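A.B. asks: The residues making up each chain are set out below.
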Amino acid sequence: METLTALGHGFAVALTPYNLIWAVLGVTVGTAVGVLPGIGPALTVALLLPITYNLDPTAAFIMFAGIYYGAMYGGSTTAILLNTPGESGSIVTAIDGHAMARQGRGAQALATAAIGSFIAGTIATLALTFVAPALVRVALLFGPAEYFALMVLALTTVTAVLGNSLVRGLASLFFGLALGLVGIDLQTGQARFSLGIPELLDGIDVVVVAVGLFAVGETLYMAARNRYETEEIYALKGTKWLGKEDWKRSWKPWLRGTALGFPFGALPAGGSEIPTFLSYLTEKRLTKHPEEFGNGAIEAVAGPEAANNAAAAGTLAPLLSLGLPTSATAAIMLAAFQQYGLQPGPLLFESNPELVWGMIASLYIGNVLLLVLNLPLVGLWVKLLTIPKPWLYAGILVFATLGTYTLNNNVVDLVILWIIGLVGFGMRTLDIPVAPCVVGLILGPLAEQQFRRALAISQGDASVFFTQPIALALLVIAAALVLVPVVLRRRRRNAADPAVSGG
Amino acid sequence: MTTTSGRGLRLAEAAFAVAVLALGLFVAFETTQIHTARSNAPVGPALFPYIVAAGLILVGLFALREAFAGKVAHADEAGFELDWKAIVIASLGLLVHLLIVEDLGWLVATTVLFALVARAFGSRRLMADLALGLVLALLTFGVFNYGLDLSLPVGTVWEDLIDSMAADEPA
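Just so you know, the protein sequences line up as chains F and W, in that order.
When you line the first sequence up against this note's numbering, it's residues 1 to 503, in that order.
When you line the second sequence up against this note's numbering, it's residues 504 to 674, in that order.
Pulled out of the complex, with its shape left as it was, chain F reads as follows:
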């Protein structure tokens, strides 16, 4: 009941004309930027951060929520029509979605993605409304040791789960952690790794790193591959509406995708990649048309796209109630909170109920707006895909430098952007995932703080991490996530090789 009252107040905040304008602007700009190839939700939020600097926090976060949801919708358009997924969550959508587009059923793929996203987004936002306050109650039981263990778990899942090589994931994670060390140590005031450059005393901004890795790295990679790759846009033709058969084949995958997506997003379990894959596999097993999978099955678009959006809403639950980002986008949202001097977590619900509930209420509104924007107006967004590549990527880099320079108005950030961009290009070329780096950069310093706080309370007794049941359980799960796959793989290899298993 308490929750519903709070949500009611949130709607009162979100529905004021002033805030409504920011919500509309957020979803529109989010969709537009999300549709552009090569730009996913994480980068969209990072690039649009400067626009919100001088807004009041409530309006800013209502706009952010709109940008986030809008970019999720827009991303599926690019995946379906261009076969270039803007983020890991739409990789699966691209497979059958693009196949549908090639068969001239692009409009239907877009429609099932948009309606599925709407249904998943609405149900997941509803779940968020009730899960977030419940998580806050759990969070109040947490001390520094538990927080540290939780952050270790989040870092491990982001790393172990993404990509196909643990070593590459860990390299990315530790690079992020190393970047996070730069700056003044919060507890002793000691400068660390500032290399004598005064601008580095404030640390390296997560926005610069995200923009460097996602925008500059990606642009350099696209420039390098431009000559060897051609892509085709498939025009939308024929009827734009879902037929009766399409509806029949879509509605169950939408609901199943939602059920898979939200919990995975809400647990610190590495964002939207796993639930979308699981949804794909589930639909393939349950469908009457398994032969169509990979060649344009509508279920394979409906399910994963719903899972993707539900997971996006899910990641907001630990972000708002625990201050724990579990995806690259969430990490940038956390940076945005910090920009306003706000620390998400249980206290935020107490101190800024207007902001938290206004933002959650605006998610409901944003979903409705996005359905309107994406179903009848989809043709408009598709036009954005016809921007010539040289101008598109030149524009992306202009906005990358713009967002970076306006952070602190100094050139040092642009130098960091350039260096991180080159590193990002290398990572992209060698298939090293970038999300662990971004999440590591923002979570590393927070984890260190909790670690030292826990030890200060226990007066140096390191057993606090192993005697508190919650902390111990979280650390055991984290260790298992890394070790179990390694052990399993080794065992499988041994079983396949009789010489080894026999000896």
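It is worth saying that the hints were derived from the structure and are not from the lab.
All of these numbers come straight from a predicted model, not from anything done at the bench.
All C-beta atoms in this analysis are idealised placements derived from N, C-alpha and C, irrespective of residue type, glycine included.
Possibly wrong hints are sitting among the right ones.
Listed below are several chain W residues computed to face chain F (Cβ distance under 10 Å; list not exhaustive) [said to hold, decoys possible]:
#  : residue
1  : 512
2  : 522
3  : 538
4  : 547
5  : 563
6  : 585
7  : 596
8  : 601
9  : 619
10 : 620
11 : 622
12 : 628
13 : 636
14 : 658
15 : 668
16 : 669
Fit chain W to the given chain F structure using the hints.
C.D. replies: Just chain W now, kept in the frame of chain F:
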């Protein structure tokens, strides 16, 4: 000069491993330079950097082993190639931009950046690229400096020029 064969990629893998390893050693060395004052806190500012350094070194060693074992990215794509000239031009664009943005200002720097990146993507219409870059620069400059109250640099060169012209004018 534009080809990156399987051998090139294997070299890149090894280079990546060495880079991680080197970063770990650098972090470890820098950490020894952190001045740890005596305090009551049981953990000083140096412990976490040491953990990160150890992690980097370990991961670097594992990556080196993988590189020698022949685990290579894009192995399934025959003839994976990179256009190095395009990379150099695009990254040069960013470098020029950051070098001139405060002196010559946002408008000039952004126009140059836009044209260079467009060139890296194979555009041959220099005039169109420059014009479009300038339009985008003007647009962002206007929105940010007048609409959002954030100051993009005008350029010290122009500011000095205007100042000296104002000084020359009889009062």
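A.B. asks: For every hint, state whether the structure bears it out.
C.D. replies: Quick rundown of the hints versus the structure:
no., hint, verdict
1, 512, "holds (8 Å)"
2, 522, "holds (8 Å)"
3, 538, "holds (7 Å)"
4, 547, "holds (7 Å)"
5, 563, "holds (8 Å)"
6, 585, "holds (4 Å)"
7, 596, "holds (7 Å)"
8, 601, "holds (4 Å)"
9, 619, "holds (8 Å)"
10, 620, "holds (4 Å)"
11, 622, "holds (8 Å)"
12, 628, "holds (9 Å)"
13, 636, "holds (7 Å)"
14, 658, "violated (13 Å)"
15, 668, "violated (26 Å)"
16, 669, "violated (24 Å)"
The earlier numbered hints that this structure contradicts are 14, 15 and 16.
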